[in-house]
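Please take these sequences and the hints and turn them into a complete structure.
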Amino acid sequence: MWVASLILFVALNEPRQFSALDLWERECNAGDAGACERLEKAQAGAGKLARLDTLAQRYGARADRGELEEDGMPRLNLAYRQVMRDYIDAEHAVGNKELDYDEETVNYCSDHFHNYWRNRKLWWPTDENGAPSWTDIYYYIVDHYYGICLRRYFNRF
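Position 91 (the sequence shown) corresponds to 91 in my numbering; numbering is contiguous.
Heads up, a few of these hints could be off.
Simulated crosslink set (DSBU-like; lysine-lysine; CA at most 35 Å straight-line) [what the hints assert, rightly or not]:
1. Lys121 with Lys48
2. Lys97 with Lys41
3. Lys121 with Lys97
4. Lys97 with Lys48
No lab work stands behind these hints: they were computed from the structure.
Note that the structure is a prediction, hence the values are computed from the model and not measured.
So, in structure tokens, the structure goes:
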């Protein structure tokens with residue numbers, strides 16, 4: 001009986017997870033303008049991440065391995081240009097015009113990315129068969145462009 005009571009107690013008092021979004025939504029509904037602003041930014045970011053995920057999955061499914069791989073190694077500089085063209089075009093299609101495709105910038109960043117992963121790290125994301133994972137590489141490229149290349153070398157963002 002004691003064990004049954006304990007199980008029932010644990011089941012009824014199961015911890016629930018609340019995210020920052022839940023908190024900001026409650027605070028916003030209570031009239032906190034700062035919480036409303038944080039909630040709006042977070043929701044916009046969630047939409048952007050969902051689009052990124054869709055684009056990465058699509059790129060991974062349609063990547064031309066014959067063009068993008070050489071002796072089992074990825075041609076990351078070529079993929080970089082394709083990915084950034086695809087990503088920026090998709091962002092423009094939904095009205096996000098904060099960034100244009102600048103060929104000189106993308107070429108510089110693609111060479112940096114390629115040399116870092118292929119020549120310095122000697123590693124890149126792979127699938128379960130050991131082949132380059134173009135879906136994962138898509139994420140790495142977009143992250144590198146915004147998080148490293150534009151920020152560090154071009155003082156943007």
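Evaluation of the provided hints:
no.	hint	in the structure
1	Lys121 with Lys48	holds (29 Å)
2	Lys97 with Lys41	holds (17 Å)
3	Lys121 with Lys97	holds (33 Å)
4	Lys97 with Lys48	holds (13 Å)
The structure meets every hint from the earlier list without exception.
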